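Asks: These protein sequence lines are chains A and B, in that order. Each residue of the first sequence is one higher than the one before, starting from 1 at the first, in our numbering. Each residue of the second sequence is one higher than the one before, starting from 1 at the first, in our numbering.
Don't read these hints as lab results, they were simulated from the structure.
Here are some, though not all, of the chain A residues that point toward chain B, as calculated from beta-carbon distances under 7 Å:
| id | residue |
| --- | --- |
| 1 | 51 |
| 2 | 53 |
| 3 | 77 |
| 4 | 85 |
| 5 | 87 |
| 6 | 96 |
| 7 | 106 |
| 8 | 107 |
| 9 | 109 |
| 10 | 110 |
| 11 | 116 |
| 12 | 142 |
Keep in mind the model is a prediction, meaning the values are calculated, not measured. Ideal placement from N, C-alpha and C gives every residue a C-beta, glycine not left out.
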Amino acid sequence: MHALIEARDLSCGYQDQTIFSKLDFQLQPGQFSGLVGPSGSGKTTFLKALLGLVQPWQGQICFQNRPLSSIRKRSRDTVNQKIGYVPQVETVDWNFPVTAAEVVMMGRYRARRFWPLPSKRDREVAHHLLARVGASDVAHRAIGELSGGQQQRVFLARALVGDPELVILDEPTSSADVQTQHELLHLLWDLNDRGVGILLSTHDLNSVATHLPWVVCFNRGIVAEGRPQDVLTSEILSQTFGGDMVVQREGDKVLIASRATSISHPVQRPRPALLATYARSSGGHPHAYCAIRDQAPSPVIAPHKTDSQDFASSGQSAGGDPAAPDHLP
Amino acid sequence: MELFLRPFQYDFFTRALLVSSMAGLLCGVMGVYITTRRMSYIAHGLSHAILGGAVLSYVIGVNFYLGSGLWGFAAALLIQYLSSRKIYADAAIGIVTTASFAMGIAIISTYRGFTQSFEAALFGNVLGIAPTDVWVVLGVSLALLGLIFMFYRPLLFWCFDREVAKVHGVPVLSMDVLFALMLAALLVTTLQILGVTMVISAVVIPASIARLLSDRFSHMIFISAGLGAFFSLFGIYFSYYLDIASGASVVLLSTLGFAIAVTWSRLSHKRQIAAQKVKI
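Could you put together the complete structure from these sequences and hints?
Replies: Set out below in structure tokens:
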């Protein structure tokens, strides 16, 4: 069976700066994979290269074993239709005067290019897709008025126009709260259950990456890839994120924090990574997760009793964390 | 009644009202794209840049609309090119537009055969519009409105999110070029009416008022077009009675309209908050 999307010997960069070079990557049909790495590691560039938004310096992208560079423009459009894309929320102009339904209908451009008024079919598709992602109640509201979770749902609905075989999401959970992350992951699991391949990027280890079936650790190239329990190890994470990463497993739970020693500041306040984590719900749907919110800091990262309240009120992910106590277990 | 109809006894005045309301409508429509795409500064700069093309066209004997239009189009493309080459967009606009404007002034000050009024180029001279200009403005307006109708969907997507639009098959580079052409055509046709320095207000103010009144792009286009035509028509009309420059009159009336819209929007927002508090 051919890979759904594949990068072969891929090198990319901007002007005179190489972002990554000679990279090989495959995503199989129906695979759910997470691209994990710190900010600035080149995840977005890699995803854009897969989408054809960034021209590779070298190598090629193949979709279902067909090199994109060899596909004619008209056929390329058909291929692109099979890939949905949800951009980073930071790149979107939330003050733009459009409603949620209009955003979804933008995705219908290929079906109706040169007539300004939306057709009955456009409206039906928009409402069906918004209902599918649980956002039909906000169809006529301006996008700037929506919550972060609703905005992500609307953009996911637009990505689903044309029934794509692959959905690529760039940091979909970066500014979302725990509940929104939870809901979005459920939506993606539902899509994946229907055979849609999912590739998402994240720098959030504990609340996202540990719950994906396949993880690709990425920092200017692929450091390692595999199942989270195999890949999310101290050694690999330290290579990916820099610093010293601590991984603790408790049954199904994987807890990750960073550990760094600073000579000039021997006692530093640890940044908690584990305020909210997920665990598989026992006996339920294999893809269902329940959130466990720790009221007190985890013993893995809580060396100072006096700091415990501060930890609980300032949750952050472990990704890219430079500072942590020097006496973590 | 006779007092109100008095200006219409002059052919040039009727012509001015017709042309300015058409130009106002067009600026209103294009203004929605320009403001939501955050290109106001480019439009402002290009209006200055076109002066260079206008003066050069006059000196070398090329048709004003053709020469200035091509010049403006080239300037827009040059700004886009520089912006993609490590130069910040606002710096690129500053460099290209002031260089072109300076070239226009240099030619005016050295070329003895230049008999056109420099003030008219800067501040507009709608009352001096020739009958043939009416047809040019009408033709350009219809052409631009037709293009906007035809390319509404790709232009909307391009305005909202250029990158994702490309993924969905929108030819974004073609949209860049098309819009640069449309912008140059708009500025060239309205230059004679409002002048280099004031044309931007006809582009930005009606669209900004429309944004305050609506959260929907399509509604904004209609509101902005109506307001643009209204401000131009009544701005010129009032200029007759107030005996002030027509361009200045249009800008001042638009600004008054904007002030009213901001006040209304603010009061409306306060009322909404108060209503919410009562509900709670």
